[in-house]
Every structure is written in C-alpha cells, then in structure tokens.
Amino acid sequence: MSVISPVRVRQLLKKELRQVFRDPRMKRIVFIAPVIQLVAFGYAVNTDIKNTKTFVIDHDRSAASRELLEVVEATGYFRIVGRSERPADLVHALDYGKAEVGIEIPAGFSRDLADERGARVQVILDGTNSNTATVAQGYLTYIVQGYARSRAAAAGALAGGGVDARVRAWYNPDLESRVYNVPGVIGMLILLMSLLLTALSVVREREMGTLDQLTVSPLSAAELMLGKTVPATLVAFIDLFLVTALAILWFHIPMRGSFLDLLPAALLYILCGLALGLLISSVSRTQQEAFMTMFLVLLPAIILSGFFYPISSMPEVFQWITVLNPVRHFLEIVRAIFLKGAGIADLWVQYAMLTVMAGGATWLAIVRFRRSMAL
Amino acid sequence: MNPGRLWAMARKEAIQLRRDPRSLGMAFLLPAALLLFFGYAISYDVNNIEMAVLDESNSERSRGLIHAFESSGYFDIVEYPARYEDVDELLQRAKVLAVLVIPPSFDRDLAAGRDAPVQLLLDGSDANSATIAQNYAAAIMIRYSSDVLLRGRRFVLPAQAETRVWYNETLESRNMIVPGLVAVIMSIIAAMLTALTIAREWERGTMEQLAATPVHRLEVVIGKLVPYVGIGLFDVALAIVAGLLIFGVPLRGNILLLTGLTLLFLIGALSFGMFISAAVKSQVLASQIAIQTTYLPAILLSGFMFSISTMPIALQVVTYAVPARYYVSVTKGIFLKGVGPEVLWVQGLAMIIFATVGLTLAIRSFRKELE
Chain L
1 MSVISPVRVR QLLKKELRQV FRDPRMKRIV FIAPVIQLVA FGYAVNTDIK NTKTFVIDHD
61 RSAASRELLE VVEATGYFRI VGRSERPADL VHALDYGKAE VGIEIPAGFS RDLADERGAR
121 VQVILDGTNS NTATVAQGYL TYIVQGYARS RAAAAGALAG GGVDARVRAW YNPDLESRVY
181 NVPGVIGMLI LLMSLLLTAL SVVREREMGT LDQLTVSPLS AAELMLGKTV PATLVAFIDL
241 FLVTALAILW FHIPMRGSFL DLLPAALLYI LCGLALGLLI SSVSRTQQEA FMTMFLVLLP
301 AIILSGFFYP ISSMPEVFQW ITVLNPVRHF LEIVRAIFLK GAGIADLWVQ YAMLTVMAGG
361 ATWLAIVRFR RSMAL
Chain H
1 MNPGRLWAMA RKEAIQLRRD PRSLGMAFLL PAALLLFFGY AISYDVNNIE MAVLDESNSE
61 RSRGLIHAFE SSGYFDIVEY PARYEDVDEL LQRAKVLAVL VIPPSFDRDL AAGRDAPVQL
121 LLDGSDANSA TIAQNYAAAI MIRYSSDVLL RGRRFVLPAQ AETRVWYNET LESRNMIVPG
181 LVAVIMSIIA AMLTALTIAR EWERGTMEQL AATPVHRLEV VIGKLVPYVG IGLFDVALAI
241 VAGLLIFGVP LRGNILLLTG LTLLFLIGAL SFGMFISAAV KSQVLASQIA IQTTYLPAIL
301 LSGFMFSIST MPIALQVVTY AVPARYYVSV TKGIFLKGVG PEVLWVQGLA MIIFATVGLT
361 LAIRSFRKEL E
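So the sequence lines, in the order shown, correspond to chains L and H.
Those letters in the first sequence? Residues 1 to 375, by the working numbering.
Those letters in the second sequence? Residues 1 to 371, by the working numbering.
In isolation and in its complexed conformation, chain H is listed as follows (with noise of 0.2 Å):
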C-alpha cells in the first residue's frame, strides 16, 4: 500500500463528494436534523388517556370514583355516553381508549361492605397503551378502595412500594430514545452514504479510467472510505453536541470510548456498504439491497424500539448480525450507564470482528477488471 496513492485516492472521492453538494449536504446535516426532530416529537410516555366514563350509579361514591381517575393525571375523560350501547361505537370509532362502566349497584354494594364491581373496558387493538392504561386505573381503584374501606381512619396498608429508576431517575423517555436513535440514524446513514460509490464508478464508466491507473484494490477501497469516515465522525459529534445542549441527555461515561468504539462501528459500517456497491455493480440494485438490509432491521431488531430480550430465541440470534445492535447498547452504555471497557469489551470485540468482516469483504469484492 502507497500512502500517497492512497491519498490521491481519498482526495479523488473528496472531490467527487463535493460535486453532488445537495448529497453531501444531506449527508452532514441529515443526523442532526433528524435527531432534533424526534427528539422533541417522540416519547413513550402514556398521559392524557381519553377514556369514556358511564355512571350508571350516579352517587356519592361514584363521582368520588371518577374524580379519583380525572384527578390521577393519567387519564383524560372526554365522553359521558348515556347508554350501553353507545360504548361500542366509542371504542370502535377509537374515541376513547378506555370505558369506565360504573352499574347502579355501585353505591349501594359499598355501603353494605361488599365488593363493588365496576367494569374496565379497553380497546385492546392498541396493546401497547392499553396495558399502560390498565396499570395506571388498577392502581387508582386499588388506592380509592382503601380510602373507602378505612372511612377516614388512619392507616397505611401492609406494603408498599418504593420506586427507583436508575440510569433515566425521572423516566425522562428523551434521555432513552436520543442516544439509541443516534446509533440507529448512524447505522443507516453510514450504508447510505458508501452503498453507491463503486457501483457509481462502474455505472459512468469511470471504472475503466481507475482501472488504467496503478492504483491497488486495497488502496481504492480504504481511500475511497477515509472522505466517508470524516462524515461520520462529524454527524456523530453534532448529534452528540446536540443531545446534549439541546436535549439535556446526560454523558456519564468516557467520551475517547466512545470515539474509538464510534470509529470502529463506522468502518464497518461503511465498508458493508461499499461491499454492496462492490458486489452488485449497480445503484438501483445496491440501494434496494442496503435499505433492505440495514433500514428496518437497525429500526427493529437492534433493541431501539423493541426489546431483544423479549424475542424468541431464533430471532436473537440474528440480532447478532445487525451492528446496529452494539452500536445501540454502546451509546446507551456510555451515555445513560456510564459503564466503561469492563462492560462494553463485548460490543467492542464484536464491532472489531464486523470491522475486519466488512473491510475483507469489501477489497475481496472489488474488481478492477473489465468485463
């Protein structure tokens, strides 16, 4: 390898880069960009659930009831239908999320020191919020049938519970999301930005150009990766710079950690990317195969949004194909855990291997011969 073939190489793609300035523009403003988006749109946060209430009892004890739930914060009432049947068409038409159905009996059951029934209904299609809501009303039926049991005596029921969160105390879901749609933005963009380089060449007939020069395989595929790995590296300090003036996330661990294991993840990134063009020769073709293999599954299967751990078995396994994946536990590591190299050698010996993996695939891929 000839360091200043090498750098001939590099400067080359440079100057290709800036001849195409809407791309490169996209390519260093786009993270930041979108990550200021979510940041402010997104949160997992479940409040203001709407939620119908039908009090059938009408009473004392009933309104008590209903104030307990307006009043918990959580829950927002927004209808009061007159019959049954209306509650059907407010959960089909998802008005509400949930319908509180109060009977007659209600007042009169308490009273008399019997159990009260009343009836929780959920639109289940929305699972996810449904199993928040169902939580959040259990704990406030629970709370106000002590308050009626004990009838303004003092006592505190046997156990509680105290919570603590750690790493996120507040449960702040911004602090979560930002440093994991960092890695997830990162991953895609990376695949992006490489996945048409050398189908490019070949596709306008510059290939035959770099073919006539001495210029080595090895030389053209790190050369052409070094522009790249710059963008990277700067779209990865401005979302960084940016979540944390903007957003507030905390940056409890080793910065340098971070760079390095950073690095590592572009490189590899980048070089799978550049294998895609290598392989296929064609851009139509190179980025339905990168979107197809690095969009969804660094969304889905990198524990971003979904936990792995909840997965079967099979599919936690593939897991461990999508860099994505280490990426994610490494910036939420850093980030939120400030847990160093005793912690994170995992991700890093893995981002290593996908690094050699990537680089090797792509320079073996890369032909300079004409057909």
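Pulled out of the complex, with its shape left as it was, chain L reads as follows (with noise of 0.2 Å):
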C-alpha cells in the first residue's frame, strides 16, 4: 500500500538532506560546478565566423588582386595570416592548422578579368572543420560575386539594377550564435546535474545494504521515492536559478518572455531528469553499471536535442527519436521564451510532451523502484 504520511516523508527527507551533504566537498559540487561550467561552456559555445585565419596565394601580384584581398579583409569575416608564392606553403600551413581558409590567385588574373571567359579565385578550405568550411565557402562565394559584380557595373558591362536583397534577423539582429547557444548549456547542465544526483542514489543503498533497512521500515515505495526526490528537485531548482542568472547578466541573453512560463517547464524536465535517474538506479546492480548507463542516455540525450546538430536536417526515422528526447522540447522552450518572448499559448506542444514524459518516467521510475525493494 502506497499511503503517504507527512511525518515519516519529513524525517525520510531530512535523512536524504543530511546524506546528500553528509560530505561537504558534495555542497561545492552540486553548486559550485554548475556556474564555473556555464562561464566557461558559454564562451565556447561560439560558432561565429569571425577572423578566420585566412593564408593567401598571389601569383598575380596586381592592383586588382589586392583590392580584392581588401574586400574579402575588410567583411571581418576573414582575416589574413600569411602570404607566399609557394603553393607549398598553404599546404604547410593547412596541416599545421595554422590556416583554416586558402585563397589562391592565379597569375593573369587581372588580365582574365577584362576577359569574357572572366578571371578565377580558388578558395580552399580545411574541410576537418565542415561547419566552419560551409560557412567560410558561403562567405567567399559571396564576396567574390559581389566584388565582380562592382567591377562589372563600373565597366559598364551590367547596366540598370538587381535584386537588393535585405536581410534582417528577428529576435537576433547580429545573428549571434552565443544567443542560441548559451541556453542550449543551461539545458545540457540542469539534465546532467538531475540525473547525477539520482542516477546512483537507490543502487548506493542496494550495493551498501541499507535499501534492506529501509525495505523492512513501514517506509513505501511512494513515499521513498519522495524522499529521494524532493531534496534532488530543490538542489536542482537552486541551479537553475543560478544559470539562469548568469546567463542574463553575465551573457546578456536577453529573457523577452516571462520567469513564470519557465518555470512549469523546469519543473517537469527536471521531474524527467530525476524519474529518469532513479529508474537507471533501480534498474542497475552496481553503481558502476549505474554510471555506464547514464552515460548512455546522457549522449544521445545532447546530441539529438538539436543543441548543435539542427533536427532538420536528420534523416527522418532519428527526427521521429527526437520526440523522445525531453531534452529537445526544453530546448525548444528555453530559447523560444528568452529569445522570442514566447509564452505558453505558443509551445504548448512543447509543455504537453514534457507533462506527457515527465509522468510517464515517473510512473516507470515508481514501477521499478516498487520490484527492486521487493528484491
């Protein structure tokens, strides 16, 4: 019978407390960690193309050859870090990772531009690095058109006008990328810290034999796993709160939205983080097979969030695993809330998956954690 009793949940609940920070290393843990991480994570979390350092080719040596190494220079998307005739050399310079981009100019190549058959820049690109390669070919592909097309029509060649594209980026003007991805850290970090203070906690008690002490106290399942939970949901809460801050005042993400449609929606992914961490637990014999299995869920969990690699562009069967994933739909909230001013009228499929998992891994978490005390 699963009846649930103030008094016994509040001395369960001091126990798990005073076991939790029985170790004060564990209090600058749990913490302390969080925020050093989100600092560092969140000036990594770059994926601007900015001065990329760029290693030039000029066998043509000309006026026009420089004017457009000046062009390219000047877009602040290139930045040129050495110049030589030697082809040898931007070989050299690739394999040492002492360039990213090459950009060679044939000889002649002032000449072919007044040509019909027009003149040719080879752009090379360190493809170890295809996002920065896509981006950089992007760019330069760009410029060059750009450049030719000035050319063309101060010749003369292309009289009258074109498409005038303007571009304007909503919500993030500068198309920084930190903006996106510095909610995406708060994310990986509140699951991380969710599922290590549970993953190992009923397996700890199996491996130590206290979970035989607590099997034979008038204890039940419903109200161990509250015990289990609640002091895991506050040390969680209080992390949030902590990123979170930091992420605004320290990053300047810009929260549009409101502090109160975040929260239903932390509550319920932390819930997933916690039931998910106290079913590895139940299920595992050891603490080691704990741990291995966390680290199974925990990377596909990041990698498949749309954290870094975009959903769209996955083959179909792993978009449909996405669903899945707890991960993506808070991912999918936190940035909609800081970034558009989102609310929940507008994710409410959002919120809806979340409640759907969050219940769903409980149940199997209660499920398990009743079997395992039966062992």
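Worth flagging that the hints you see were computed from the coordinates, not collected in a lab.
There could be a bad hint or two in this list.
[Said to hold, decoys possible] A partial selection of chain H residues facing chain L, derived with a Cβ cut-off under 7 Å:
| # | residue |
| --- | --- |
| 1 | Ser72 |
| 2 | Gln160 |
| 3 | Met305 |
| 4 | Pro312 |
Glycine included, C-beta positions come from ideal geometry on N, C-alpha and C.
Dock chain one against chain two, each of which comes alone in its own frame, and use the hints as you go.
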C-alpha cells in the first residue's frame, strides 16, 4: 500500500538531505560546478565565423588582386595570417592547422578580369571542420560575386539594377550564435545535474545493504521516492536559478519572455531527469552499471536535442526519435521564451510533451523501484 | 615492482570486472554502438531550409526568383502567407526559418532598370542555421540578378570563386564527425571505467583485504590499469573498424601512430579516473567529479563541436588542460589529413605529459593505510 504519511516523509527528507550533504565536498560540486561550467561553456559555444585564419597565395600581385583581398579582409570574416607565392606553403599552413582557409589568385588574374571568360579565384578550405568550411565557403563565394558585380557595373557591362536583398534577422539581429547556444548549455547542465543527483541513489543503498533496512521500515515506495526526489528537485532548482541568472547578467542573453512561463517547463524537465535517474538506479545492480547507463542516456540526449546539430537535417527516423527526447522540448521552450518572448500558449505542444514524459518516467520509476525493493 | 604481483593484481581486477557482466558488456560495446547511432543521425549540412514566400508582386519575374530558390535544393517553400501580418506568426511559432517578401514594386523596378528591393527575414534565434541560410539566399539572388540584367546576353561575371575542400572533398560531415566522435566517446568512457574502481574497494570493504597483502601501491594502480587499457584499445579498434567499413571514412595516416597515441591517451585518461577514485574514496562523489571534469569539457572544449580558434584567449588556455583536445586533433589529423609525427609530435608530447601526471597523481593519492 502506498500511503503517504507527512511525518514519515519529513523524517525521510531529513535523512536524505543529511546523506547528500554529509560530505562538504558534495555541496561545492553541486552548486559551484554548474556556475563555473556555464561561464566556461558560455564562452566556448560560439560558431560565429569571424577573423577566420586565411592564407593567401597571390601569383598575380596586381592592383586588382590586392583590391579583392582588401574586400575579403574588410568583411571581418577573414584575417590574412600569411602570404606566399609557393603553393607548398599553403599545404603546410593547412596541415599544421595554422590556417583554415586558403585563397589562391592565379597569375593573369587582372588580365582575365577584362577577358570575356572571366577570372577565377581558388578557394581552399580545411574540410576537417565542416561547419566553418561550409560557412566560409558561402561568405567567400558571395564576396567574390559582389566584387565581380561591382567591377562589371563600374565598367558599364551590367547596366540597370538587380535584386537588392535586405536581410533582417529577427530576435537576434547580429546573428550571434552565443545567444542561441547558451540556453542550450543551461538545458544540458540541468539534465546532467538531475541525473547525477539520483542515478546512484537507490543502487548505492542496495550495494551498501541499507536498502534492506528501508524495506523493513514502514516506509512505502511512494514515500521513499519522495524522499529521494524532493531534495534533488530543490538542488536542481537552485542550480537552474544560478545558471539562468548568469546567462542573463553575465552573457546578456536577452530574456524577452516571462520567468513564470519558464518555471513549469523547468519543473517538468527536472522531474524527467530525476525520474530517469531513479529508473537507472532501480534497474542497475552496481553503481558502476548505473554510471555507465547514465553515459548511455546522456550522450544521445545531448546530441539528438537540436543543441548543435539541426534536427531538420537528421534522417527522418532520427527526427522521430528526437520527439522522445525531453532535452529537445526543453531547449525549444527555453530558446523561444528567452529570444522570442513566447509564452505557454505558443509552446503548448512542447509543454504537453514534457508533461507526458515526466509522467511516464515517474510512473516507470515507481514501478521499477517497487520491484527493486521487493528483491 | 614485482611482475608476479602486478600480474596477480591485473587478474584480480579482470575477475572482478567479469562479475559485473552488464557493466563489462557496456564497456565493450557502448562506444561502437554510439558511434554507429550518431554516424547515421547527425550532420552539419543545412538543407531543406523551411521557407515562406510572400509574393506581393505576383509577376513573371517574381515567380522566376521564387523558382530560383526552389530549384537550388537548399530551400523548401512550405508556406505562402497571404498578408504581411501572418509572417510574424510563422517565425514566432518556428514554422519557417526564413521568409522572402517580394514587394508589389518588384516587377516595375526591374523593368525600369532600377534596383528592386526584396526582404529576407530570418529567425535569428537559430543563429547557426540562419547564417547559412543567409549565405545561400544571397548567392541565389546574385545569380538571379545577373540573369535578369543580361536578359539573355552571353556574359560571364568578371570573377568567380572556385572552391576546393581539402581533406574532406565533398564536405561530408560524417567524415568530420566520426573521427572526432571516436575521440570524444573514448575520453568520456575512459574516465568512467576507472573513476569508481578504488572508491568501490573502499566502500565494499575489500580495501582491508588489499591492505593486508604485501602488494605495493605502484603495483595496485598499474595492475588495476591493465585490464582497462585492454578494454579501451578494443573499443577504439572496434570504433575504427566501424568507421572505416560502415561509414567509409578514409584512414589516410599511419595506423601504428594512431595506436601508439591512443595507448598514451588511454593511460592518461584512465589514470586520471583512478586518481579521482583514490582521492575521494566515495563512488557518488567520484562519479560527480568524473562527469563534471570530463563529460561536457570533452564535448564542448575539445574542438569537436566548437572551434577552439574562435574562443576567447583565456578559454583557449583552459582547453590545453582538456586531454580530449589533443586526441581529437590526433584522430582528425591521422584519419583525414594523413599527417604524421612531424605535425602530431606536439599532441604526442602533451599526451606523454598528461599520462605521466595522471599516473603519478593516481599512485601518490592511493593510500593503503586504513583510517
């Protein structure tokens, strides 16, 4: 029978809190580590292409080639770190990682500009970093085209007007990647923390033999679950406040929505993480096993969340899998509330999914937990 | 150090590992399984960008521009909003990433030989994809403009960029992801394998038995390390075979060099896990520390997802303390660039230092004395 008695729960909470914080080192880890991590990772999660290290081979050495290179550098996306006339130097620079982009201007470039076949510029990219390479390729193609167009227009070859694209990025006018990625880091840190707080809790008691003591006590499974989750929820919530405050105050991530809309999502998300952790803990026989299982769960949860790899580019099967990933829904909510000022009405699908998952995970955890107590 | 005792210690650890078959199974199969899973799932490629078009011009020219977007393969036009007011809703609900607005004057302007403004609205909250979409769109519009201006005349723009991508000619993101992913997975798993080993002995009380034997702490640490190094090497081998055979990732460099550097890396990472274990003597605490110090740093600070060169200098300095950073350079360098010791000696040296420090710390923090 799972009757919940407030007195017993209070006693149990006391015991659990004491157990969590008996080791003063634990306090430091659960409250200070997320703060340090958010600051460090907040600076790391940057995919803006700025000052990309560029190596130039200029065989032409003409006024025209210099003009083109000036245009390239003036955009701010590329910084010329070396020049040479020997192609071998470019190979060297890319092999050693001293440059990520190479521009080779062939001899006769300025002559070909006037020729009807047109001049060609070689752009060489380091394909080991596809993200930078893709974006740099786009910029360079665009810059060279723009240069060519303005030359053609100046020469009178292109009379008249073309399409004048006026680009405006909503919610993030400078297209700063940090604004998009820091909310993602918040989601990962909270998941990590909620899993860590519970994944070893039950299995630890089992390994040490104290689970038997709890089993023979009058405590019901539901009470035990409460005892394990309430302190962890508190800790995870404090962490959430800390990292959110940092994101806003330190990284100036705009918070356009309401914190009140964020709270229910955070509660559901933390519940998902804690229940998942308890589930892992209940099915594992050793702490080592629980630890490994956590790893098995965490990595896909992060990589298939849309944190970095766009979900729309995944094969369809995997897009469906991501629907079952609470991180995906939480990130969509966090980003929309922060950047778009969205509210629950806009995001009801994500809230509903989180509710279903939190409920499902809690139910599964209780079922498994009962069984593990019966063992 | 006595080889007999060392061997006995290694055997003891191996037997103990066998008694926990589920953990052992995961240790052997997890890396290859995750690699397979992610190898299929993820890519950097941004295509099929969902787009809405508000065509207020509704002319032959505007339809030509829309067609240019459609046929580029990068954009997928999913919505045709009727009014400008609907655009807001589309972006707000993230139904589309980009909106192209062609004003009524578009056709008139082009016919009169004037610049015809169009609006491209992007959902900047997804900055990564928006940047790429912006580039694609700009290139499409420049091409379209030249076609319009030429009106069928044969003319080539005076300059064009020809792109060649080295090391990964087709910009196949899988080629880039797989080698780096092997390194990241191994960095994390190595710490997980050993972070609990010594703490476990303390918690289970078997440390007392170990303390009663004449075995030296050097023999304990190295003996315990041996089976895990074996598992780690097996994991890397399996992951590499999977990468080569299933994903067709090229292996351009020397496999012996890769093996040697992998061994160095594993010794360092496994010793570091053991150091945590010996220092804190509690499995819960050790798992906390191991995860916090290896998990996200290996993913975010290793150069796997985010380029180190774009980080602020202070953080770049921090990345030198993240061993995954060196291993990611090694796997990418050997797989894709085919570079040898002339380039990778820096990483090799860093990994030797890391292994020495890790091993020393593990041995020094290991105490047999019971409190």
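Here is what the structure says about each hint:
no. : hint   : result
1   : Ser72  : violated, 12 Å
2   : Gln160 : holds, 6 Å
3   : Met305 : holds, 5 Å
4   : Pro312 : holds, 5 Å
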